[in-house]
Structures are given as structure tokens and as C-alpha cells.
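Asks: Below are the chains, spelled out letter by letter.
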Amino acid sequence: MKFSINKSSLQSSLISLNKVIPVRSTLPILSSVLFDIQKDHIELIATDLEITLSVILPTETAETGKIAIPLKTILDITQEIPEGDLFFEITDIGKIIISTDFGKYTIMGKQPDEFPSKPSVDKPNEVIIKARDLADVIDNTNYAVSKDEMKPQLLGVLLQMKNEQITAVATDGHRLVQYTKMGMKGHTFEGEAILPSKFLSIIRGQLVNQDDVNLKISENHVQVTIDGSTIYSRIIKQRFPDYESVIPIDNDKKMTINRDEFLQSIKRVSIFSNKSTKQISLSIGDNQLIVSTEDPENITTGREKINCEYDGDPLAIGYNALYLREVLMHQKEDVVKMRLKSPVSAGIFKYEGKKEKMTTLIMPIRIND
Amino acid sequence: MDAFYASVEQRDNPEYRGKPVAVGGSKVRGVVAAASYEARKYGIYSAMPSRTAYRKCPGIIFVKPRFEVYSGVSRHVMAIFRDYTDLVEPLSLDEAYLDVTRNKLRFSSAVLIAREIRARIKAETGLTASAGISYNKFLAKIASGMNKPNGMTIIPEEEAIEFLEKLPIQKFYGIGKVTAEKMKSIDINNGADLKKKTEIELMHLFGKAGKYYYNAVRGEDNRKVSTERIRKSLGAERTFDIDYSDKEALTLQLGMISRVVATRLKKKNFRGRTLTVKIKYFDFEIHTRSKTFKDYVIDQQDILNKSMDLLFSPKLEKPVRLLGITVSKSDKQPEVEDNNQITLQLQ
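Chains as they are written, first to last, in the numbering used here: chain L, 1 to 369; chain U, 1001 to 1347.
Hints should not be assumed to be uniformly reliable.
[What the hints assert, rightly or not] Straight-line alpha carbon distances no greater than 30 Å define the calculated DSBU-like cross-link-like pairs of lysine-lysine that follow:
#	chain 1	residue 1	chain 2	residue 2
1	U	LYS1197	U	LYS1177
2	U	LYS1306	L	LYS198
3	U	LYS1224	U	LYS1141
4	U	LYS1267	L	LYS275
5	L	LYS19	U	LYS1141
6	U	LYS1197	L	LYS19
7	U	LYS1267	L	LYS198
8	U	LYS1104	L	LYS151
For the record, the hints were derived by calculation from the structure and aren't laboratory data.
Isolated chain L, as found in the complex:
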């Protein structure tokens, strides 16, 4: 079996496929890419068993067949070649001979029948979304997804689709964001699904020069095709927690503040916070906010004063600076309003625009004194 592929298209495909390959796995075959060679094209497939990415590249060949090739080696050699084509020859025993303008290299392929088959997305519901809208949904929520594998229901973004709108929710228990995109014509599907964070990150990278995206959602899988790449993912079949009940409605203390000033202050002060807790304190009183930190372990302190609008009772709250920064970075207005209640309850940011609205919660750190 012989075929050739253009270097730059192979390289960009392999870079995408590399994102799918599991960092660690008990199944060695998963560190390979399956080459499915057809008469006029080659399909390259990588999977981590949750997410599968298939990329189609043009080629011309007399024979068809399949072989699994270790991704890292082939990506490395592709990156070291300036331009041109790579010629592949695969022998009957699965030896792969790669020829370039510079020379010949051989590597052993792996049995293609060990490679997991692509998922079949049966009778899917189709949701057609503008690429820009889908990118917004992902950008505004995916950062808050949990990384705790013990809580599988939180490892993705919940998408709730109805009435020409999509509501997306993500939480790791310390932050929660609910983002709604409205006025979305083109889908009539009503339903919900938890889509894995990794899947959303991968498709986010491809949503660049695209108009409409067709999300195909079946009972167990979701599939989307962008620029000739098809990405499949298992849907997280867990019950997403009842998030609405944890969003407080009685946060009556409101601090209005310039978002950038607030962010910059947190960035500077947190440099002096404890390296593992990242704890900072906000002391809010009479139109002024004190951002401070103290790390007795390393004898460092930090303290800044900034103006804000606040007329409630004085309040002191601790936060993880990283969480607070990330939440603030995702707020949409230059001046933000933080709604608070007590040092141990959630702080809330709200935004309502014409075509989108967003509620963000952040949980404090208990201050010891």
C-alpha cells in the first residue's frame, strides 16, 4: 500500500488529532492515529474513547487499507520537514516506510483492528447554530467546568435548548455560570445534554471561519462537522445538579466597581498570597474596597485601596484570587455590580443584554479571624 500526503495539511491535521489523544491511557493503541486509506482520500482518526476526531485529507492511491501509526513519531517527523510531500509505503507486516526529500524512515504500525470504531450517532436531533454563537457559549462557560473526576456530572457544560434559545451552565462547586443566548433561529429541538469540556475546547479551536454549525445530538453521542473534520463525543449521561436552587435571590449588598481596576488590584495583591490557597480578602465599606492578603507561612502581605460604590454594612469576605480573577475576566461590562450577602454565601454578578444574559456565582473562602 502506497500513498502520499502534503506536509502542511498532514501537520495541521495531526496537531488537531493530538489534542484528542489521551495524556495517559491504559490502552496503548490510543496513542496512535488510524489511517483509513481510500482511493481518493485518507481518513485520519484519533480517539480517547470519549471523544473521536476524524479528519479527511485528499490523496491518490491504487490500494486501500488501514494502519494505525503512533502519532507522536509521525507528528515529530512532519514538523521537521520544511515543505513538500511525504510518501508512505506500508508493507504486509505493518512496517511503515516514510520517504521525504531527505531520506527514508521506518516505524512499526499497529494492528488497525485493535483501534476502536467510530461511534454511530443514531437518529440525531439537529441544532443549527451560528459558529459565533456557539463560540460565545463555550467561551462564557467552559472555564467554570469542574476538573474533579469524582464528580462526572460536572465535567461538562449543560446545554438546555428551547424556544430559539440555548442556556449553558457550568460549575465546579466553587463557581457557577449560567449563560443564555437568545434569538437563535434555526433549531426547533427542545432538550438538554451535558457536553464534555474537552469536546467543547476542541470544537472551539475550529470555530474560526465558519458560518453555521450543525450539532447532531443523539441519545448517547454528539457529532459536529467543521471544515472537513468530524468530532464525535459521548454525552455525559448523568443528572446535572439542580443549579437554579443554589442561585440566591436575596443578596442585598451591592458593590459597584470598575472591573479593570478591580482585576488589576487582585492581580497585584495576590502575588503576595499563599501559593496554595491564593486567598485574598475584600473589606468593603463606605464607598471603598480594600483588597488585602497575608501569608504567615512566608511572611508576605499585600494591601490596596480602591474606590467603589457601596452603602451597605461593612463586610469582609475571602476569595481564591484565581477564581475571582477568572470570573471577573468573563464579565462583559466595564463597570460591574457584585451582589453580596454574607462572608459565607455566594457572591453574584449579573448581566442582561439584548441577545444574551449571564449569571455568575462565586463562593468565598472562610476567613479564620
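Given chain L, put chain U in place with the hints provided.
Replies: Just chain U now, kept in the frame of chain L:
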């Protein structure tokens, strides 16, 4: 019990009697789990690599272990013990501490009890056992090893101090090869030498164990014979057919070991927050890497991920012949502490 596994094999296979027998391993791979007394004459002892054993004694008979048989015999022997006292603390399948201060048959002498127990073990199982008698666990344990096989040693209280002073340092229970060498390098060759050191000096030299050595050499050991051994750790390990250095193969092995550990944790309903990965390199050098977490380590995937982190960083130095994973209880503070971060009450 004397050369327990090997003796059981010699009992059940008359053709092995009087011959060097090693249980466990094979000519090329693995380690000796137990060696018969005939094999010990060639310098073969348990935990020795099979290949070394074979080199020392090419005529050695390697026998596959039959653990179900050994645990059957063990149950029988433990039952004999319990005819005399309920205070039985098993140390392993073939070894236990018995507190016979008050015994069921109101024997006035521990020596008589030991004699009778040994006779019954011989009559009922066909195997020999050795006994050590003294006034605390530390001394009893040393005594039990003095007249093996098929022997009995008594260390009365009035002789204990003199006995310990004369005892070569490597014979102290709890002092292994490495510690013994370290002690010899600072002129501690026997109990008397050890006694000259102050508690502070010993703790400086040996850490927490120093305190134990200080008390041990004075014949002081107040540990009770405890019938309930609280499990402190649970794990599994695996010796490979060949030595591995590539990440893929090691990951695959770690996957299998973590599955075994997860299953055992569930079966024994055991929970621990500390995970330890044991690495034995091809040259038998052993390293352990461990970490204590905030939450219990229970799930297979979690065990795998955490042990992979430990195994692969820092980088492995040499090809690996054995990997093990242990989950243990620990009073240590978690290294990844989540302090006072409040969490949403999601349901």
C-alpha cells in the same frame, strides 16, 4: 512455624523431603517466598531473587505456591492457639503473639503451654513450630528465632538485660541489614554498645526509630498483645515477565494493579488518603513515592491517575521489574489542602 510454605510442600510431596526447596518464583524470574532448611544451607533465604537462588544451588526445586493450602493450615494453627488464650495477635499466616498471663486451662507456666501447643501442632498438622517465651513482645519475638527449627527459647525477666547486652546488633528485631551496618559503622556491635548511647543521640541518628531502639535494648516494650489488628494499608504489586522502561507498558501494568487495588478496597471496605507507588528497578533497588490527599482514594481511575503522576515524575532512572500500589491510612495533613473554600450545596 518453621520454613512454613516450604515445610507444607515437603509434607505434601514426600519426594521433596530432605531436599532444597524454594516456594515461589522460577528459574529465571521472581523471588523466593520461602526456602526449606536444606535450601538455607546454600545461603538461600526468602525475598532472594530466584535467579540468585538458582545460581547458589542449581539443584534447587522451585515449587509454585499454594496459598489456599497454607491459609488452611494457618487457620488450624491459630485455632489451636485460641484453645489456650483469646489474646492471639497474628503477625502473619504462620506467626502470632500469645498473651498467656491468664489462660483458659489455668496453666501456671508459659513454658508448659508452649510445649503443649508445639506438640499439638506437630501431631495435628505434621509440621514443626518454634516458640519464644518472655515477658514482652519484643523479647518473645527475638527468643522465637533463637532455636529454629523446632526449638524453644525462654528469656526470663532476670536474664533479659544481660541477654540483650550480649545480643549482636543485627539480631535485634526491627534492626535490618542497612540499619545494622550503619550501627556497626559507629561502633555499635551489640546491645551493650547500643546502651551507651543516649535517647537524644539515637533519635538524631535514626529518627523516630531511635527511641524504639533506646527502649528495646533496656528490655522495655509495653505494647499489648492486640487481637484486633487494625488494617492500616492495602495494596497490590506485580513482578513483570521482563523489565520495562517504556511509559506505555508501565501504564498498562499500573492499570492492572490499580484495578486489583480498587477491587480489594471495595471488598475490604477500606479507605485511605495516602497513595504509595513502589518501584523495584531491574537491579532490585527499591524506591517508594507517596502522597497524601484531601479525599479518600477509592476509584480505579483515580488510583491510576494519581499513581501515574507519582510514577512518572520524577523520571524513572532504570528499567523496572516490579510495581506496587498501596493505599494507606494516615494522620498526615493532606498535601493538597483545600483550606476553607466554601462549596455550593449542589444536589
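Asks: None of the hints should be skipped; say for each whether it holds.
Replies: Going through the hints against the structure:
1. U:LYS1197 / U:LYS1177: holds (20 Å)
2. U:LYS1306 / L:LYS198: holds (20 Å)
3. U:LYS1224 / U:LYS1141: Within the cut-off at roughly 13 Å; holds.
4. U:LYS1267 / L:LYS275: violated (39 Å)
5. L:LYS19 / U:LYS1141: Distance of about 58 Å is beyond 30 Å: violated.
6. U:LYS1197 / L:LYS19: Given that 30 Å is the threshold and the Cα spacing comes to 61 Å, the pair is violated.
7. U:LYS1267 / L:LYS198: Not OK: U:LYS1267 and L:LYS198 at ~33 Å, beyond 30 Å, violated.
8. U:LYS1104 / L:LYS151: violated (54 Å)
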